[in-house]
Amino acid sequence: MRLGVELGGLRLKNPLIAASGTFGYGVEYEGILDLSLLGGVVSKGLYLEPRDGCPVPRIVETPSGLLNAIGLQGIGIRAFVRDVLPRLARYETALIVNVCGDTVEEYAEVARIADVPGVAALEVNISCPNVKKGGIAFGGDPRMTHEVVSAVRKATRLPVIPKLSPNVTDVSVFARVCEEAGADALSCINTLLGLAIDVERRVPRLAFGTGGLSGPAIRPIAVRMAWQAARAVRIPVIGIGGITSTEDALEFLVAGCRAVQVGTANFVDPGIYARILAGFESYLQRHRLESIGEVVGSLRFPDGEAPGGPGA
Amino acid sequence: MPASSTHRPPVNRDVPLVRRQALEGPYVLLTFRHPEVAAGARAGQFVMIKANTVSDPILRRPFSVMRVDPSEGAFTLFLKIVGPGSHALAELRTGEEAGCLGPLGQPFTAPPEDQEAVFVAGGYGIAPFVLFGEELGRAGRRARAFYGGRTAADLQLCDAFDGLGVPLVCATDDGSFGHRGRVTEAVAAHLDTRPGPVTLYGCGPDAMLHAVARLAERRGVPAQVSVDPWMGCGLGTCLGCVVPIRRPGEARPKYHCACTEGPVFDARDVVWP
Ligand SMILES: Cc1cc2nc3c(=O)[nH]c(=O)nc-3n(C[C@H](O)[C@H](O)[C@H](O)COP(=O)(O)OP(=O)(O)OC[C@H]3O[C@@H](n4cnc5c(N)ncnc54)[C@H](O)[C@@H]3O)c2cc1C
Ligand SMILES: Cc1cc2nc3c(=O)[nH]c(=O)nc-3n(C[C@H](O)[C@H](O)[C@H](O)COP(=O)(O)O)c2cc1C
Ligand code: FES
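From first to last, the protein sequence lines are chains A and B. Residues 1 to 312, numbered by this note's numbering, are exactly what the first sequence covers, in order. Residues 1 to 273, numbered by this note's numbering, are exactly what the second sequence covers, in order.
Okay, chain A solo, but in the shape it has when bound (with noise of 0.2 Å):
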């Protein structure tokens, strides 16, 4: 298994993981591509209940990236184990579910109710917005990311990996926070927030008003972030932004993380996954490495010294 990784107690074929919100529940790529390809499939973001979303326009196009305000429309997750998951069982790809809450409380009976066989871990969506603190996203707060992560901890026994916002100043505060309350894993990163505005009718050119940047536009941000935060823990990271080819899914497991995670791009091509493992086979073979775990965090600065935190 050259292209295999381990990620706090799960195990995947390979690094490449289709990221939330970017590939549906999964089964919307049955029969485009073989989804026993993937190391793993996280799904859309699921709450207790099914939600209608945001108007549109939902989602814009920017200079190498996407602004979305999607509103986390979606089936909830009795609907998922109930109808998804049985259709998803034939496949050799983790499932992975995208937890998300109103508030604690809530977070912690999706991840119950998703503590089923068949779900290979929990990916925690901290960057939702607690509706007790007045829209302020969990994520935010190191208390708030704190309580969430540990009420999911305590409600499974499944691996559980809050996904990090990158709208904080330092992410390894939040990284490390994760970490005490029990983390297995730390996904790295979510949108960026981001504001797009028709000068013509000096409207925001989405309907919600602000949403979260994607896509290429964010890379260097997010390999930065997951670089940092890397550093700042013991547990493993998975690097996600802007991922478009091999070397980009490199650049993030030099920085430092075990996997890393497909948004935008599965928009975009859904072949995506054949031509990054192609491309991690001959990388491999040009470097002449045994496996894809000795790429991981082999990030050399040229004199041997790393530049600080944040704004170093």
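Hints are not guaranteed to be accurate.
Said to hold, decoys possible - Output of the computed footprint for chain A on chain B, the stretches with three or more beta carbons under 8 Å from beta carbons of chain A: (1) 54-64; (2) 228-234.
Unchecked claim - Which bits of chain A does chain B cover? Going by a derived footprint, with three or more residues having C-beta under 8 Å, they are: (3) 68-78; (4) 266-273.
To be verified - From the structure, some residues in chain A lie toward chain B, with a derived Cβ separation under 7 Å: (5) G24; (6) E28; (7) G31; (8) I32; (9) D52; (10) R58; (11) E61.
Worth flagging that the hints you see were computed from the coordinates, not collected in a lab. A virtual CB, placed ideally from N, CA and C, is assigned to each residue, including glycine.
Go by the hints and put chain B with the ligands onto chain A.
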């Protein structure tokens, strides 16, 4: 969740441009090799496609399949250049490739045996009706087309129905070609002649589709419309293409993905802005 499709799953592949035929103004016909689209696409279905020669904008764009040639393994798009995505496609040279996923979406449903199909097209909305006219012709059904645009230069496909036995009425807002005024006025005039039972089919700008829906409701005739929202993936995963739909018996409209459950919807179910 996508409606479990009754059709063959779409196929993702790089497709070489086989032919390019520039028309007047911003219009062009592009033919790509894609055997599965050529063999399986039905009228109203579309492809998500992007020229591999550019990296920005990053997303593919939706275009209706206008014509298929199964023996050549190729399909043709009727494309209006409006921005960077359509521009990059129109700039492709023969042999250069585009990334393409298709066929996608739910096609038009043919009218009952005894009914005439009435196409109402605005601008590039004519594209799916060329394929529909061929399909209905093969099935021995009657069809009639109304084709509208702002000005004569917008009506680039007037000869597409030649030989299909589909009578064509053109309309331009400025009267530079055909009937002067809205295309739906020409359709209303046709309905005034009591042509017998008809089903209306609309494809074009939202305002025209809305007018088709109102006309159908006033005259008590069924209508299917192909909506034209922004689309990001074509597979029901980005949830950017949703339209509010209220099906009979439902208290509230619900968002439906135009890419998987549409783009063709029953005009009565669409909640217009
Ligand atoms: C199901 C479906 C079938 C289509 N079939 C055809 C076709 O057969 N031929 C054809 O020429 N076009 C068709 N379109 C429209 C086509 O997808 C858009 O023109 C294209 O996405 C524009 O991309 P761009 O990068 O060139 O321009 P952009 O820069 O993305 O857009 C340029 C301008 O066009 C507007 N625009 C963008 N997307 C759309 C859209 N979907 N509808 C209306 N206006 C839009 C934008 O608001 C902007 O003002 C279809 C759209 C859909 C949803
Ligand atoms: C349309 C869209 C929907 C998303 N939905 C979710 C979601 O439900 N839960 C979540 O944790 N992240 C969600 N994300 C964030 C992605 O999983 C990913 O973290 C982000 O897009 C950065 O990766 P990328 O640049 O490869 O897209 C969404 C992103 C997009 C573009
Ligand atoms: S275009 Fe992405 S869900 Fe319809």
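* Tell me, in ascending order, the numbers of any earlier hints that this structure violates. => As far as the earlier hints go, not one is violated by this structure.
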